[in-house]
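There are 2 protein chains.
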Amino acid sequence: MRCEVLAIGTELLLGQIVDTNSSWIGEQLAAAGIDSHYQTKVGDNPGRIVRCLRTALARSDAVICCGGLGPTKDDITREAIAEVLGVPLELDDEVAARIAEMFSSRGRQMSTNNFRQAEVPKGASVISQVRGTAPGLICRLGDRAIYAVPGVPHEMREMITRAVIPDLVSRAGVAATIFSRTLRTWGLAESALDEVLAGRMAALDEVVASGGNAPTIAFLASGIEGIKVRITAKAADQASAAALVEAEEREIRSLLGPAVFGVDEVNMEAAVGALLAERSLTLGVAESLTGGLVGSRLTSVAGASGWFRGSLVVYASEVKRTLLGVAEGPVVSELAALEMAAGAARVLGADIGLSLTGVAGPDEQDGQPVGTVWVGLAGEALGGPSALLLRLGRYAGGAREQVRLIANISALDLLRRRLLEHDRRDG
Amino acid sequence: MRCEVLAIGTELLLGQIVDTNSSWIGEQLAAAGIDSHYQTKVGDNPGRIVRCLRTALARSDAVICCGGLGPTKDDITREAIAEVLGVPLELDDEVAARIAEMFSSRGRQMSTNNFRQAEVPKGASVISQVRGTAPGLICRLGDRAIYAVPGVPHEMREMITRAVIPDLVSRAGVAATIFSRTLRTWGLAESALDEVLAGRMAALDEVVASGGNAPTIAFLASGIEGIKVRITAKAADQASAAALVEAEEREIRSLLGPAVFGVDEVNMEAAVGALLAERSLTLGVAESLTGGLVGSRLTSVAGASGWFRGSLVVYASEVKRTLLGVAEGPVVSELAALEMAAGAARVLGADIGLSLTGVAGPDEQDGQPVGTVWVGLAGEALGGPSALLLRLGRYAGGAREQVRLIANISALDLLRRRLLEHDRRDG
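Residue numbers (this note's numbering), protein chains in the order written: chain A, 2 to 428; chain B, 2 to 428.
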């Protein structure tokens, strides 16, 4: 089963908006075992959209159109699909009623244009809209399929997950449902993960070779999001597939231990926040090279105010001394990191202090090469102070932003591991 | 002249990397007056790359290939182009010598694979590499052209600007060179900009209608990067085109006044940093809803350590009081913003204090709706304290991140305008 992605919108070609939708859909297709050989961007031009759809259907089994379902005259995805299918557009009464109801419940005036969103190519199935007003579409053309979803990312994601991937998987001819879960890891290189899991993967292959059903395991290196380990299972029903995945998750967790920090959409910040919230602990940060990045990302987590006290961005060395009590001497050092962590906890009134001090580049500092970062931790809740030296010079070739991002995640990972270790010592 | 973009790399299709290169190239093409109707992503598969190249050349005048020029066996862009051109690959001695020299000057061991990067399709011109080891390519096929640039963003950008756009513009058959400059604005809506500049744009149209040469003006709404006003001129030589653009820039600046904050790649943070550096002033920040974003973005500016002292991320209300001396009472208020700004300057030992306190959402706070943000400023260098109320509720429909980003830029814009106003009062 091959499925292409067609992102529609002149603003994508002009670079006013980066097409992140296709990347996300590509990731979902790969996870579901569906090949995606081509992804195309095209503008709001009827002839060119039609040509792209025909090209896609000539070389793939399905195409997902993303965008162009809005109410304005630029939104012509519906018309283009109808032309390719050779059918007229018809008003779907149910969709029209739902749109009218949404406007009236919000006390908003509805323009007649909005009814354009209720037009569907004759014979197409509607993917009902949970949010927004534009429904998605599932259209058949012989043994091929055209899907259409809105370009608004959260509406698109919801419809792809709920309707498009399941339809593709069922059309793939396997009388089975698919279930997958992603374990997110930090601290092991891809080659190391591969080594640790090689035996397990061989065992699963053997089960399949001998005619049994077993999940598959795939790695996805995702930069500062860590390396994702995706477990996917097919079974006759959802519950059986989920059971296979859950059993496999236990196996993999026992092999990877604390390298697994989260599941699916849980990033490192959210994982750390959850651990702090469970323990009723608060966190204060002191950061220099990251310039506020640690605080900024932590406060992106919903409910951060429950455990995050603040962050002291001490960029000038003198401020490290006056505000945090860091002693004279080099500020990129184990001692400075420990003093900064203790100072952050004290000044911010937090249970735990976390600090980062280092050299983001472009130039070295105090004889320390770019990428040298000390992370400090303080707090009785962790059983006392500790520090870790990161050497991120290998990332320094690119932007200094990369050093900052990796330092941020590595520091949070250290805090996460210390929290877990302390549980074990207590337990 | 039509030019497509072909981004090459399986990791792009799998969503492991978002293809930002095509968007950037699309923006450059648009600025140069070259149409880009299609942009395609394809994996590291020889047959499919060749098919994409043939499709592109059948419907466009040129195609830019991005990626697949590295030294590994997955990097097959060179081979695919040679196949489409119907020519063999040949070792370019000059490129090979440069690669060998680069390795030896860095004291690194060179693998024979690296010489693959010196292979070029027979008859192609080489775009010499300033950074990195992979040269770019300019290839002719009748009246069509294939360009190849590396996928590493900074290498790609440098080659597109230096070699590809000028070649495309000259091939466009206009015996002229093009020069463009982007004025970056904040604080005026696109409709307001349009109104202010309508007279000027009509005047330029008249010049052209009567057979004269005049620059064109285009708007590009770029989210938190502001609205860009691009001035483009064509003339017989670069100096004449630049002179036209510069004269027009003066006209537009006189109409837009302080709404123009920067030129080309200068973002708001860099603009504020430059103003501070010129005046030998230092900045300290106190931020709550932005969680460290303001500090993080300011420290992305090269040389920030010259004028940035630090940022106090006071997320917990209590820390606002203990650390910054904010009095009891609502923390999203004019008074709290002013106290925070004064506190930031005092605690961080900065000439100027900037503060942000507000409601990022999802829930309202102290009866204030989501999107309510107070910005405070303190410092004799600004002639004393001032504050501004932002109502960003219209952005709250999306992510809370959008409220934080807009608040950040708006706060820096306020500081920028106050610095400029104070100059005028002094002058």
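Bear in mind the hints are in silico, worked out from the structure with no lab data behind them. Take the hints with a grain of salt, since some may be wrong.
Stated by the list, open to error - Heads up, simulated DSBU-like pairs for lysine-lysine below, C-alpha to C-alpha not over 35 Å straight-line:
#1 Lys229/A to Lys74/B
#2 Lys123/A to Lys74/A
#3 Lys74/B to Lys123/B
#4 Lys74/B to Lys74/A
To be verified - Pair by pair, the computed Cβ-Cβ distance ranges are:
#5 Gly108/A to His155/B: 45 to 55 Å
#6 Glu381/A to Gln110/B: 42 to 52 Å
#7 Lys74/A to Glu196/B: 38 to 48 Å
#8 Val264/B to Lys123/A: 46 to 56 Å
#9 Met202/A to Asp168/B: 46 to 56 Å
#10 Glu207/B to Ser112/A: 48 to 58 Å
#11 Ser171/A to His155/B: 42 to 52 Å
#12 Ser281/B to Ser112/A: 48 to 58 Å
#13 Glu381/A to Pro154/B: 39 to 49 Å
#14 Ala98/A to Glu196/B: 33 to 43 Å
#15 Glu247/A to Val19/B: 27 to 37 Å
#16 Glu207/B to Arg395/A: 51 to 61 Å
Since the structure is predicted, the reported quantities are computational estimates derived from the model, not experimental observations. Here a beta-carbon is modelled for each residue, glycine too, at the ideal position from N, C-alpha and C.
Open item on the list: Checking each numbered hint in turn, tell me which of them this model violates, lowest number first.
Closed with: When the structure is compared with the hints, numbers 4, 7, 10 turn out to be violated.
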